[in-house]
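There are 2 protein chains.
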Amino acid sequence: MMNQIVQCVPNISEGRDLKKIEYITEPLKNQDRFKCISVEPDKDYHRSVITLIGDPQAMLVPLLEFFRRTLESIDMNNHKGEHARMGAVDVVPFIPISNVTIEACVDYAKQLGQLVSSSLNIPIFLYAKAAQMPSRINLPEIRKGEFEGMGDKIKDPDWKPDFGPQEMHKTFGVTAIGARIPLIAYNIDLNTTDEKVANSIAKAIRQSNGGFQYIQAGPVFLDQRNHVQVTMNILDFKKNPIYRIFETVRMEAKRYQVEVTGSEIVGLLPKDALLDSVKYYLNVEEIPYDKKMSMSQITQLAVKYLKLRDFDELKMIEANL
Amino acid sequence: MMNQIVQCVPNISEGRDLKKIEYITEPLKNQDRFKCISVEPDKDYHRSVITLIGDPQAMLVPLLEFFRRTLESIDMNNHKGEHARMGAVDVVPFIPISNVTIEACVDYAKQLGQLVSSSLNIPIFLYAKAAQMPSRINLPEIRKGEFEGMGDKIKDPDWKPDFGPQEMHKTFGVTAIGARIPLIAYNIDLNTTDEKVANSIAKAIRQSNGGFQYIQAGPVFLDQRNHVQVTMNILDFKKNPIYRIFETVRMEAKRYQVEVTGSEIVGLLPKDALLDSVKYYLNVEEIPYDKKMSMSQITQLAVKYLKLRDFDELKMIEANL
Numbered sequence: 155m156m157n158q159i160v161q162c163v164p165n166i167s168e169g170r171d172l173k174k175i176e177y178i179t180e181p182l183k184n185q186d187r188f189k190c191i192s193v194e195p196d197k198d199y200h201r202s203v204i205t206l207i208g209d210p211q212a213m214l215v216p217l218l219e220f221f222r223r224t225l226e227s228i229d230m231n232n233h234k235g236e237h238a239r240m241g242a243v244d245v246v247p248f249i250p251i252s253n254v255t256i257e258a259c260v261d262y263a264k265q266l267g268q269l270v271s272s273s274l275n276i277p278i279f280l281y282a283k284a285a286q287m288p289s290r291i292n293l294p295e296i297r298k299g300e301f302e303g304m305g306d307k308i309k310d311p312d313w314k315p316d317f318g319p320q321e322m323h324k325t326f327g328v329t330a331i332g333a334r335i336p337l338i339a340y341n342i343d344l345n346t347t348d349e350k351v352a353n354s355i356a357k358a359i360r361q362s363n364g365g366f367q368y369i370q371a372g373p374v375f376l377d378q379r380n381h382v383q384v385t386m387n388i389l390d391f392k393k394n395p396i397y398r399i400f401e402t403v404r405m406e407a408k409r410y411q412v413e414v415t416g417s418e419i420v421g422l423l424p425k426d427a428l429l430d431s432v433k434y435y436l437n438v439e440e441i442p443y444d445k446k447m448s449m450s451q452i453t454q455l456a457v458k459y460l461k462l463r464d465f466d467e468l469k470m471i472e473a474n475l
Numbered sequence: 155m156m157n158q159i160v161q162c163v164p165n166i167s168e169g170r171d172l173k174k175i176e177y178i179t180e181p182l183k184n185q186d187r188f189k190c191i192s193v194e195p196d197k198d199y200h201r202s203v204i205t206l207i208g209d210p211q212a213m214l215v216p217l218l219e220f221f222r223r224t225l226e227s228i229d230m231n232n233h234k235g236e237h238a239r240m241g242a243v244d245v246v247p248f249i250p251i252s253n254v255t256i257e258a259c260v261d262y263a264k265q266l267g268q269l270v271s272s273s274l275n276i277p278i279f280l281y282a283k284a285a286q287m288p289s290r291i292n293l294p295e296i297r298k299g300e301f302e303g304m305g306d307k308i309k310d311p312d313w314k315p316d317f318g319p320q321e322m323h324k325t326f327g328v329t330a331i332g333a334r335i336p337l338i339a340y341n342i343d344l345n346t347t348d349e350k351v352a353n354s355i356a357k358a359i360r361q362s363n364g365g366f367q368y369i370q371a372g373p374v375f376l377d378q379r380n381h382v383q384v385t386m387n388i389l390d391f392k393k394n395p396i397y398r399i400f401e402t403v404r405m406e407a408k409r410y411q412v413e414v415t416g417s418e419i420v421g422l423l424p425k426d427a428l429l430d431s432v433k434y435y436l437n438v439e440e441i442p443y444d445k446k447m448s449m450s451q452i453t454q455l456a457v458k459y460l461k462l463r464d465f466d467e468l469k470m471i472e473a474n475l
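The listed protein sequences correspond, in order, to chains A and B.
Just so you know, my numbering puts 347 at position 193 of the first sequence, and the rest follows in order with no gaps.
Just so you know, my numbering puts 386 at position 232 of the second sequence, and the rest follows in order with no gaps.
One should not assume that every hint holds.
Chain copies aren't distinguished; within one or between two, either way the pair holds.
[Said to hold, decoys possible] In silico SDA-like cross-links for lysine to any residue, where the CA-CA straight-line distance does not exceed 25 Å: (1) Lys-174 - Leu-429; (2) Lys-357 - Tyr-177; (3) Lys-350 - Asn-437; (4) Lys-350 - Leu-429; (5) Lys-350 - Tyr-435; (6) Lys-357 - Pro-442; (7) Lys-350 - Glu-440; (8) Lys-461 - Gln-411; (9) Lys-408 - Glu-439; (10) Lys-433 - Asp-466; (11) Lys-408 - Ile-441; (12) Lys-324 - Ala-258; (13) Lys-392 - Val-351; (14) Lys-445 - Val-351; (15) Lys-283 - Gln-367; (16) Lys-393 - Gln-411; (17) Lys-445 - Asp-377; (18) Lys-408 - Tyr-459; (19) Lys-314 - Ser-448.
Rather than coming from a laboratory, the hints here were simulated on the basis of the structure.
Everything numeric in this text was worked out from a predicted model, so none of it was measured.
Here chain A stands alone, though its shape is the one from the complex:
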């Protein structure tokens, strides 16, 4: 059996005290069957994003110890930051990467919820694909009212937690645990400073104006680089592959005599998302597609065809294992 690989991205409500963050995340490091590939504290948000990649089964017990240390270290009554939040561990999504279904990720979310609530008496909401009712699919709906409002909200029968007591933890708050498919943060560079052009192109491709269904997009002017971008989230790269968006933006840009000069992936993406686009261009050029393409070959071809800048192999989730 092939190894199941998920990405798991716990968010904690501490972004300033690096010693505390180190203590809390320590149980997630130096593991055999998964890697902690980044811990990113943000001072303004007063929040840290932790990225784990590997075997979800092996993550469960270390995640429990991580929850225990967070409970010990963070008192939400003293927490103020720019990002909305409702718990010391605020949210934990499981994201399928390879050899694992979204359903299996839902199951791991439930296992973790059960484990944490029964050991630490913390209320848990299941969200996104793990949601047990429609009102819990969107995280902002669960989080509405934040830590300060959660004491009352949780007593409403509609907001009974999926696991744990129907009472907010006085210092920890509550946590959302769930499963979702990977999204890709992707930006396409245009050789113009006219934000209107980027905005028109964003409208052509994004769902909210009738474009592709899994694309959220908008214009942005890059001060340092002195050009505009179409900046976007690709919410489902299997339905709306990167190459299709890249080529559609290129096609629309022609209308304004503007060229696509590059593109960039923000954060990580699954290898398959790039491989699928590389396969498109290889077939266009009538080069037979070789199934055994190495990570570095995929990188080289993706950089060539999608004009990726600031890209290297390690941007592929699987390259970090």
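Once you've looked at the hints, dock chain B against the given chain A.
Showing chain B alone in chain A's frame:
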């Protein structure tokens, strides 16, 4: 004030007796302020589609006489055809073409419904943009049960007609009158006989698989011509313009070493739908766009850039006035 122009497309449940069809449609012909540009009987459907173009205000009284003659000529108890139907006049949509809003078309639909029901005692349902409740937006939901089931259905409080008696007319049945934006039936030719290729491309562009929001598309093999097409409806050409779909199909086809060899408009389309695409290509080529382009210039350029076949100026609704 510019003249309001709508397209109005009454459908009657008679597709075989040409004399009867001539008698029924006669009041719609030789009018000053609108034209009857086609009457298309279909024997299998046992149904005729009539297309009027022009001033909606001037259509109302002739349409009442058309309803009166239909009531006099058609007994639905003797009607059998392949197309679902619920009345002798089955459906009457008003479609905005120029200098008229969809809201104004809704108003004309209501005026006609009021006029017909009060003069002829026929029950009228308002549908599409004119619908007064969500269950009446989609015509098939109203028509469910057809003529044979309508006697019972109409007694259900949920199916009380918007105008007229809450009782089906014994020989005429019921009519749906409404307003909708124009849709374009558009097909793109591929130089392959492989329906799988057309199907994969249809999936890339259509709403139901995550593609463009206003596109319904599927594959079809053309026996006579011996190649496949991506056949589609463009439900909103302002949000999903023709050139964008044409270019996206061309881009996707490259993956299979297939070329787009032509495309065709089925029925009529508003001039603006072509003009918008022509403007795209002119700007791509850095030719300044001339606002005063004639119908024949638009035709010539659309044929060139979109490889339109079997196309002439009269396919544009406005050219028929």
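Hints and how they fare:
1. Lys-174 - Leu-429: Cα proximity of Lys-174 and Leu-429: none, with 39 Å in one copy and 63 Å across.
2. Lys-357 - Tyr-177: Answer is neither; intra-copy 45 Å and inter-copy 49 Å both fail.
3. Lys-350 - Asn-437: between (34 Å within a copy, 16 Å between copies)
4. Lys-350 - Leu-429: Only across copies: Lys-350 and Leu-429 sit 22 Å apart there, 32 Å inside one copy, limit 25 Å.
5. Lys-350 - Tyr-435: For Lys-350 and Tyr-435, the Cα distance is within 25 Å only across copies (19 Å; inside one copy 30 Å).
6. Lys-357 - Pro-442: between (35 Å within a copy, 23 Å between copies)
7. Lys-350 - Glu-440: Cα proximity of Lys-350 and Glu-440: across copies only (18 Å, versus 37 Å in one copy).
8. Lys-461 - Gln-411: both (18 Å within a copy, 23 Å between copies)
9. Lys-408 - Glu-439: both (22 Å within a copy, 8 Å between copies)
10. Lys-433 - Asp-466: within (19 Å within a copy, 40 Å between copies)
11. Lys-408 - Ile-441: Answer is between; shortest inter-copy Cα gap is 12 Å, intra-copy 27 Å.
12. Lys-324 - Ala-258: Neither. Shortest intra-copy (32 Å) and inter-copy (58 Å) distances fail the 25 Å Cα cut-off.
13. Lys-392 - Val-351: Between. Shortest inter-copy distance 18 Å satisfies the 25 Å Cα cut-off; intra-copy 27 Å does not.
14. Lys-445 - Val-351: between (39 Å within a copy, 21 Å between copies)
15. Lys-283 - Gln-367: both (18 Å within a copy, 23 Å between copies)
16. Lys-393 - Gln-411: between (29 Å within a copy, 21 Å between copies)
17. Lys-445 - Asp-377: neither (41 Å within a copy, 36 Å between copies)
18. Lys-408 - Tyr-459: both (18 Å within a copy, 14 Å between copies)
19. Lys-314 - Ser-448: Cα proximity of Lys-314 and Ser-448: none, with 48 Å in one copy and 66 Å across.
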